[in-house]
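Engineer: Model the full assembly from the supplied sequences, consistent with the hints where possible.
This is what each chain is made of:
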Amino acid sequence: MTRKLPSNLLIGAVLVALVVAVALLSLVWTPHDFAQMNIRGKFAAPGAEHWLGTDQLGRDVVSQLMAAARNSMAVAFIAVLLGGSIGVALGLTASAVGGVFEEGIMRLADLGFAFPALLFAIMLAAVFGPSLSNAVLAIAFINIPIFARVTRASANQIWMREYVAAARAAGLGRFAISRDHVLPNIAAPIIVQATIEFAVAILAEAALSYLGLGAQPPAPSWGRMLSEAQTLIYLAPQLAIYPGLCIVTAVLGFGLLGDGLRDVTDPRLSRER
Amino acid sequence: MSAPLLQAKALTRRYALPRTSLFKPAPDLVAVNSASFSLHRGETLGVVGESGSGKSTLARMVMAFEAPDEGHILFEGQDLNAVSSQELRRLRRRFQMVFQDPFGSLDPRRSIGWSIAEPLRAMGEDSKARVDEALEQVGLTASVAGRYPHEFSGGQRQRVAIARAIVTRPALLVADEAVSALDVSVQAQILNLLLDLQDELGLGILFISHDMAVVASICDTLLVMQHGHTLEAGPAHEVLNAPTHEYTRSLLKAAKA
Chain U
343 MTRKLPSNLL IGAVLVALVV AVALLSLVWT PHDFAQMNIR GKFAAPGAEH WLGTDQLGRD
403 VVSQLMAAAR NSMAVAFIAV LLGGSIGVAL GLTASAVGGV FEEGIMRLAD LGFAFPALLF
463 AIMLAAVFGP SLSNAVLAIA FINIPIFARV TRASANQIWM REYVAAARAA GLGRFAISRD
523 HVLPNIAAPI IVQATIEFAV AILAEAALSY LGLGAQPPAP SWGRMLSEAQ TLIYLAPQLA
583 IYPGLCIVTA VLGFGLLGDG LRDVTDPRLS RER
Chain X
24 MSAPLLQAKA LTRRYALPRT SLFKPAPDLV AVNSASFSLH RGETLGVVGE SGSGKSTLAR
84 MVMAFEAPDE GHILFEGQDL NAVSSQELRR LRRRFQMVFQ DPFGSLDPRR SIGWSIAEPL
144 RAMGEDSKAR VDEALEQVGL TASVAGRYPH EFSGGQRQRV AIARAIVTRP ALLVADEAVS
204 ALDVSVQAQI LNLLLDLQDE LGLGILFISH DMAVVASICD TLLVMQHGHT LEAGPAHEVL
264 NAPTHEYTRS LLKAAKA
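From first to last, the protein sequence lines are chains U and X.
Throughout, this note's numbering is defined as the position within the first sequence, counted from one, plus 342.
Throughout, this note's numbering is defined as the position within the second sequence, counted from one, plus 23.
Where hints are given, some of them may not hold.
[As the list claims (entries may be wrong)] Far from chain U, by Cβ distances over 10 Å, these chain X residues were calculated:
1. Q30
2. F88
3. L97
4. G178
5. L218
6. D219
7. D222
8. T244
[Unchecked claim] Restraint-style ranges between C-beta atoms, simulated for each label pair:
9. X:D219 with U:S349: 50 to 60 Å
10. X:G100 with U:L450: 24 to 34 Å
11. X:R132 with U:A359: 21 to 31 Å
12. X:E93 with U:G515: 25 to 35 Å
13. U:M502 with X:V167: 26 to 36 Å
Bear in mind the hints are in silico, worked out from the structure with no lab data behind them.
Idealized CB from N, CA, C, for every residue including glycine.
Structural biologist: What follows is the structure, given as structure tokens:
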């Protein structure tokens with residue numbers, strides 16, 4: 343069966359591939375050392391030596407953007423993986439155990455939702471000091487209730503299926519049923535959610551770094567590049583535009599990819615497997 | 024006569040309905056009211072009734088998916104609700120179930136060989152040979168084990184579901200509306216398959232259906248239920264030829280029409 347793939351999936355996949363490729367490339371090669379300062383060569387115009395010019399300290403902009411892509415991906419990946427794993431585990435357990443335990447977990451998730459994410463990150467930074475790892479923890483934390491809810495809602499539907507009853511008749515316990523039947527059958531909505539949360543995490547990392555609560559100098563970050571460029575906005579507006587475009591590209595890419603994946607995997611749209 | 028394979032003693036199951044008033048206790052729905060029966064090896068007990076008569080609740084209690092509020096279920100002499108959960112899991116290989124919906128009772132993401140082997144794995148054994156044998160017992164070939172449920176028709180899937188149910192060589196098979204979702208011609212094939220397996224394995228079958236015609240064709244004893252109450256019980260030929268209750272007569276009339 344061939345069905346036309348939705349355009350948001352294709353565009354999202356291309357943008358994500360681009361960002362990920364650049365991030366991976368930065369691991370082995372950047373045009374210059376991103377931290378190498380050259381005061382005499384500051385605010386250089388784009389050219390053969392510096393493709394997008396240099397910043398106020400004479401650092402190569404392309405190299406910084408590439409290294410920042412790597413940081414951004416790493417933060418988003420670890421945060422979503424960490425928060426998602428805990429959230430999925432909680433949601434699965436809540437759904438499998440049911441009763442008071444399920445209610446308790448979900449009310450705790452409501453509590454998590456009630457926390458403004460950025461405010462929580464600021465609180466964490468205030469208590470433990472600003473650092474990239476604290477930013478990761480904050481973003482991971484706000485992902486826990488999101489994944490717990492999605493997982494529990496999807497899992498509850500699977501628990502009503504007859505093949506779950508058949509598994510019980512076979513002598514499987516709740517844990518084994520969650521592992522063998524529930525998780526494989528709710529993988530699609532979880533992957534969709536993870537992709538969308540990836541976009542949110544990139545944006546959150548940029549916002550935290552912009553506020554000085556994320557990546558600390560000299561670690562490059564799109565958000566920090568933005569905040570440094572802010573004071574120079576009339577002198578060198580391009581320094582703010584480049585990281586801004588990078589953030590837009592990455593967030594848009596993951597957002598579209600997530601939406602496209604949802605369109606493809608939504609049971610209301612797809613035929614009986 | 025030997026001890027019965029399955030014995031139900033005055034089973035009652037109530038469900039709490041939503042409260043109607045803050046000051047009154049939640050009302051009860053009595054899904055099954057004091058049902059009693061016994062089933063021997065090699066016999067088929069039919070439970071008939073319209074939807075809402077409590078017959079599926081009865082099946083769920085026999086499978087120990089839920090406990091009765093009153094009464095006891097004895098399987099091979101053991102009270103299913105008095106044994107430990109480990110012991111119950113060990114016992115489960117001796118009683119298995121075939122479900123109504125052949126599209127819903129197989130995990131769409133697992134090959135049918137995987138699904139059939141599931142009860143074996145749960146017992147800590149995984150025998151490819153046993154899966155192949157079960158497939159052949161239900162009239163399929165061992166070569167289809169790697170295929171997925173969506174590649175099969177409804178009747179074939181029900182054969183797969185039966186293969187899973189007999190793979191542990193159980194003594195009791197609970198069939199809850201096992202042929203209701205199938206075409207009439209396929210129904211006959213599956214019923215014949217169940218009867219053949221009964222002869223071959225000496226299965227006791229608890230056969231639950233709303234269709235008097237289907238029940239009449241395969242059952243030795245009958246239990247007629249309505250709104251949770253047992254209206255009539257006895258050897259199938261007596262109930263079918265000389266029904267004592269008006270409701271049984273109307274079910275028979277509906278089946279003949």
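Engineer: May I ask you to test the hint 50 to 60 Å on the CB atoms belonging to X:D219 and U:S349?
Structural biologist: 55 Å, holds
Engineer: Report holds if the minimum CB distance from X:D219 to chain U is greater than 10 Å, and violated otherwise.
Structural biologist: Non-interface label stands for X:D219: nearest chain U Cβ at 22 Å, farther than 10 Å.
Engineer: Is the claim that X:L218 lies outside the interface with chain U correct, judged by CB distances over 10 Å?
Structural biologist: 22 Å, holds
Engineer: Honestly, do X:R132 and U:A359 meet the 21 to 31 Å range at C-beta?
Structural biologist: The hint (21 to 31 Å, Cβ to Cβ) holds, given that X:R132 and U:A359 are roughly 27 Å apart.
Engineer: Can the suggested window of 26 to 36 Å be confirmed for the beta-carbon pair U:M502 and X:V167?
Structural biologist: At roughly 28 Å between Cβ atoms, X:V167 and U:M502 fall inside 26 to 36 Å, so the hint holds.
Engineer: For the pair X:G100 and U:L450, does the Cβ-Cβ distance stay inside 24 to 34 Å?
Structural biologist: 46 Å, violated
Engineer: Does X:T244 sit more than 10 Å from chain U, CB to CB?
Structural biologist: About 23 Å separates X:T244 from the closest Cβ of chain U, which puts it past 10 Å; holds.
Engineer: Taking C-beta pairs only, is X:D222 more than 10 Å away from all of chain U?
Structural biologist: About 23 Å separates X:D222 from the closest Cβ of chain U, which puts it past 10 Å; holds.
Engineer: Should the label of X:F88 as a non-interface residue stand, given a Cβ cut-off of 10 Å to chain U?
Structural biologist: About 6 Å separates X:F88 from the closest Cβ of chain U, which leaves it inside 10 Å; violated.
Engineer: Evaluate the condition: distance from the CB of X:G178 to the nearest CB of chain U exceeds 10 Å.
Structural biologist: 17 Å, holds
Engineer: Would the non-interface assignment of X:L97 survive a Cβ cutoff of 10 Å against chain U?
Structural biologist: Non-interface label on X:L97 holds, nearest chain U Cβ at 18 Å vs cutoff 10 Å.
Engineer: Given a hinted range of 25 to 35 Å, is it respected by the beta-carbon distance of X:E93 and U:G515?
Structural biologist: Holds, at about 27 Å.
Hint compliance for this structure: hints 2 and 10 are broken, all remaining hints hold.
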